[in-house]
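Novice: Sequence:
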Amino acid sequence: NRIPYDPSSPNGISSEQIREFVEDQQGNIWFGTFDGLQKYDPSTQTYSLIKQEQRPGGLSHSSIFSLYQDVQGTIWIGSYYGGVNYFNPDNNAFNYYTYNPDRSDCLNYPFAGAMTEDKDHHLWICTDGGGLACLDRQAGHFTTYTAGGPNSLPHNNLKSICYDPKRDCLYIGTHMGGLSRFDRKTGRFYNYLNHSTKGLKEPNDVIFQVSFYNDQLIVSARNGVFSMNPDTNEFRLLYDGYYYQTFTIDPKGFLWLSAGTNLYSINLKHPEEVKSFSLPASIGQFGISKILKGNNQYLYIATLGSGLFCYNEQTQTCINYTPEQNQLLSNYCYNLLQTSTDNILITSDRGITLFNPTTESFRSIELDNGLSLSSIINGCGVWMCSDHTIFIGGTGGLSSFLEKDLNKEYPKPKLYFSSLSVNNARISPDDKSRILTEGLPFVREINLNATQNNLTIEFASSNYVDILNNTWYEYQLEGFDKQWSLTSQTSLKYTNLDPGDYVLHVRQKGNSLKMRKAQEILLQIHISTPWYLTWWAWLSYITISISVTYFIWREKSSRRTLAILQPKPSFYIYSQTFFNPAI
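All residue numbers for the sequence shown refer to the numbering used here, where the first residue is -8 and numbers rise by one.
Hints were generated in silico from the structure; no laboratory data involved.
Computed from a predicted model, the values in this text were never measured in an experiment.
Hints may contain errors.
Computed list of lysine-lysine pairs in BS3-like fashion (alpha-carbon distance at most 30 Å, straight line) [claimed, not checked]:
{"id": "1", "residue 1": "Lys423", "residue 2": "Lys500"}
{"id": "2", "residue 1": "Lys473", "residue 2": "Lys423"}
{"id": "3", "residue 1": "Lys395", "residue 2": "Lys423"}
{"id": "4", "residue 1": "Lys395", "residue 2": "Lys260"}
{"id": "5", "residue 1": "Lys403", "residue 2": "Lys484"}
{"id": "6", "residue 1": "Lys405", "residue 2": "Lys395"}
{"id": "7", "residue 1": "Lys484", "residue 2": "Lys473"}
{"id": "8", "residue 1": "Lys395", "residue 2": "Lys473"}
{"id": "9", "residue 1": "Lys110", "residue 2": "Lys547"}
{"id": "10", "residue 1": "Lys403", "residue 2": "Lys266"}
{"id": "11", "residue 1": "Lys157", "residue 2": "Lys30"}
{"id": "12", "residue 1": "Lys266", "residue 2": "Lys110"}
{"id": "13", "residue 1": "Lys405", "residue 2": "Lys260"}
{"id": "14", "residue 1": "Lys189", "residue 2": "Lys243"}
{"id": "15", "residue 1": "Lys42", "residue 2": "Lys110"}
{"id": "16", "residue 1": "Lys403", "residue 2": "Lys30"}
{"id": "17", "residue 1": "Lys30", "residue 2": "Lys260"}
{"id": "18", "residue 1": "Lys403", "residue 2": "Lys423"}
{"id": "19", "residue 1": "Lys189", "residue 2": "Lys110"}
Pair by pair, the computed Cβ-Cβ distance ranges are [unchecked claim]:
{"id": "20", "residue 1": "Ile535", "residue 2": "Asp472", "range": "33 to 41 Å"}
{"id": "21", "residue 1": "Thr478", "residue 2": "Asp340", "range": "13 to 21 Å"}
{"id": "22", "residue 1": "Trp475", "residue 2": "Glu351", "range": "13 to 21 Å"}
From the three backbone atoms N, C-alpha and C, an ideal C-beta is built for every residue, glycine too.
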């Protein structure tokens, strides 16, 4: 049947110039056209179009020239002016909400901070300059509330938010505007700084964090930590201190605060009961960005430069996790969340990490591997909704996903050696060095001379779909390294290798459930002995040495014999002259 050209309808193609097409593993047909990438769904007999988008993770150019599907189902797209793009139709774990103040389906401000969910499953998002945004998840559109009018927010820079389901109210902590309450029924804001009582100590204009617990509001402000009765709006000072920017409340009703190398525990039932715990000195070198009490005995502490700390309140000991020692994605950790599977989600400047406390294993998703966020900074929010959907805030938008969608099975990827450099010169097949006769991925052994002993070997994986791709590898150069080494890089460098035979082993660090058996690749390396150290050279050296030694010995022996024999003629002549004067 002829496919009609109808760019304004889902029942036809969008362009008359179709350059390539490919069928995915679900039976959908993808067309590469002049106007974008178009998909035909045979089950509904409808067409949809993907065009160039100015956002991370979007199509880089609409004019498509070529399409190719690999063994993992990834579709590779060759565009006219945007390079090569790739995506996997089955790998649709993430939803992305971008920033565009002119569209109702986008955030009005590029920074997505603290979040909460109401009883109607709407998501409320703080921004640090654009006020409060509400996402209707079913309709897919945003409603924005900003400061400036009557009964409005006191300030557009919002730092924290929590929900009171009993009264259907939101409590919002602002920077320079104090505490505010939003009544969803009336749509009005109540700002506490405007109704403060003289002579009483109440939260000031800078609010760090708010949290609702056991029908009372806990507020951390610049002038202390308070509790508030929502019915009377009366505040009670819990702890008189400054800059307790983060706190957490455990299931037993204990409020945990951190300040420098000290940790404080306050019994909310009896606030006069305050305990102090000492943290390792190393935790004080950098600021603490977030603390979280897990379902186990651990208190998790995210820091701005020294990784993740796990504090055991029973033993009062601390474990530090860093990229150098473990597989944490970054030392700069910003926010923490316990997921429905009891994993600890950690946001960082490089992406997000899922930490399994039972196995002490890490699985990471980098910013450019599905999240579609341009960056994550300190203050960006994270929230898990009642249906277990996780939202990650960033600068430029908001991403959401279900944790179970990250564990899809895909065909096993291949690990291979990709490039070789000798003495800082890139080696190509059949170049002047004559080291390679074909591409390095197809080579099992390389032979080098004695001067070619500074090597840089790069390797790569054909995995482009596993969102939780383990980016850590182990390697060992047999004949040089005594043990395996761990790295997140895909380039290995060895200098001044002695002549001999080596075997380079590289394997992916398989700490996830999907990779119990790590794939390993090998490359045999032979470095020839220089001619002056070969066996025949040593034989020549020995022969010459023996010959020279023999010559010297013979010469000395001859001289010694001559020296012994030479005095006899002189003695004979002297004797004849003495006894025969006639002579």
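Novice: Take the hints in turn and mark each one as holding or not.
Specialist: The hints, checked one at a time:
At most 30 Å may separate the alpha-carbon atoms for a hinted pair to count; Lys423 and Lys500 exceed this at roughly 36 Å. As the CA atoms of Lys473 and Lys423 are separated by approximately 34 Å, the hinted pair breaks the 30 Å bound. Proximity of Lys395 to Lys423 is assessed by CA-CA distance (about 52 Å); at most 30 Å being required, the pair is judged violated. Of the supplied pair hints, the one linking Lys395 and Lys260 is violated, its CA atoms being roughly 37 Å apart against a limit of 30 Å.
Of the supplied pair hints, the one linking Lys403 and Lys484 holds, its CA atoms being roughly 27 Å apart against a limit of 30 Å. Distance restraint check for Lys405 and Lys395: the Cα-Cα separation of roughly 24 Å lies within the 30 Å cut-off, and the hinted pair is therefore satisfied. Proximity of Lys484 to Lys473 is assessed by CA-CA distance (about 16 Å); at most 30 Å being required, the pair is judged to hold. For the proposed pair Lys395 and Lys473, the alpha carbon gap of about 40 Å is over 30 Å, so the pair is violated.
Taking the CA atoms of Lys110 and Lys547, the gap is near 110 Å; set against the 30 Å cutoff, the hint is violated. A distance of roughly 51 Å separates the Cα atoms of Lys403 and Lys266; the hinted pair therefore is violated under the 30 Å criterion. For the hint linking Lys157 to Lys30, the alpha-carbon distance of about 46 Å lies beyond 30 Å, and the restraint is violated. A distance of roughly 36 Å separates the Cα atoms of Lys266 and Lys110; the hinted pair therefore is violated under the 30 Å criterion.
For the hint linking Lys405 to Lys260, the alpha-carbon distance of about 57 Å lies beyond 30 Å, and the restraint is violated. The suggested pairing of Lys189 with Lys243 is violated, with an alpha-carbon distance near 34 Å, which exceeds 30 Å. Annotation: proposed proximity of Lys42 to Lys110 is violated, straight-line Cα distance about 36 Å (limit 30 Å). A hinted pair counts as satisfied when its Cα atoms are at most 30 Å apart, and Lys403 with Lys30 qualifies at roughly 27 Å.
Taken as a hint, the Lys30 and Lys260 pair is broken in the structure, with Cα atoms around 59 Å apart against an allowance of 30 Å. In summary, the hint linking Lys403 to Lys423 is not supported, as the alpha carbons are separated by about 37 Å, beyond the 30 Å threshold. With a C-alpha separation of about 36 Å, the suggested pair Lys189 and Lys110 falls outside the 30 Å cut-off, and the hint is violated. Separation of Ile535 from Asp472 is about 39 Å and conforms to the stated range, judged on CB atoms against 33 to 41 Å.
Look at Thr478 against Asp340: about 20 Å separates their beta carbons, and that is inside 13 to 21 Å. As the Cβ distance of Trp475 to Glu351 is approximately 18 Å, the hint placing it in 13 to 21 Å holds.
The structure does not agree with the numbered hints 1, 2, 3, 4, 8, 9, 10, 11, 12, 13, 14, 15, 17, 18 and 19 stated previously, though it agrees with the rest.
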